[in-house]
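Here is what each chain is made of, one letter per residue.
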Amino acid sequence: NAGVMQNPRHLVRRRGQEARLRCSPMKGHSHVYWYRQLPEEGLKFMVYLQKENIIDESGMPKERFSAEFPKEGPSILRIQQVVRGDSAAYFCASSQSQGAVHEQYFGPGTRLTVT
Amino acid sequence: DAKTTQPNSMESNEEEPVHLPCNHSTISGTDYIHWYRQLPSQGPEYVIHGLTSNVNNRMASLAIAEDRKSSTLILHRATLRDAAVYYCILTNSGYALNFGKGTSLLVTP
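Order-wise, the sequence lines are chains A and B.
So the first sequence is numbered by our numbering: it starts at 145 and just counts up by one.
So the second sequence is numbered by our numbering: it starts at 1160 and just counts up by one.
By construction, these hints were calculated from the structure, which means they are not laboratory data.
Warning: the hint list may mix true and false statements.
Some, not all, of what chain A presents toward chain B, calculated at C-beta under 7 Å [what the hints assert, rightly or not]:
1. 177
2. 186
3. 187
4. 189
5. 214
6. 235
7. 242
8. 243
9. 244
10. 250
All C-beta atoms, glycine included, are put in the ideal place defined by N, C-alpha and C.
With the sequences and hints as input, model every part of the structure.
Rendered as structure tokens:
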């Protein structure tokens, strides 16, 4: 059973360009979470999605960032007009169900560098 | 979710047991205690979780104080592959995990 897959693993964008990060959850998992990790810091929650629905986006910046998890295909985290401060590792996680008793399975991350 | 306090770093010898402490004095009755670890350049990996009773799995043991204000992750025989940052996380929602700074575990041969 394949784990959580993320692509690309590394992404370089110039300031002002768009970044699209993809996440395929584990088979059978319908809950997806995105986190961001700045250098030398712990992960920060960004958004929680179920198929076709955003459940909680309280950790996501209001501007330039958006996320979706369509009925078919991977979840996408989109960052428009990237700035240097967006440089970070972005991790996706998935779970079979939601609740404090359920663990999350994380992907290897996408490392975004903005030049 | 309530906050946790962990030592910044710990060191252990290979094949020795390791006890990683976590203080969570403001824990609420519905908070679960989760532990994750992150190896260098990888995504976090679930280790173990519990509510009130001690828990064991193939990776580790979790000892929870009777008043639940602290807990200890126990690695029974540390290996070089256990060198990682270990995060103690409280959650009652299960999804917006708050990864603080964690404890960086160094394992020496």
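Earlier hints that do not hold, by number: 5
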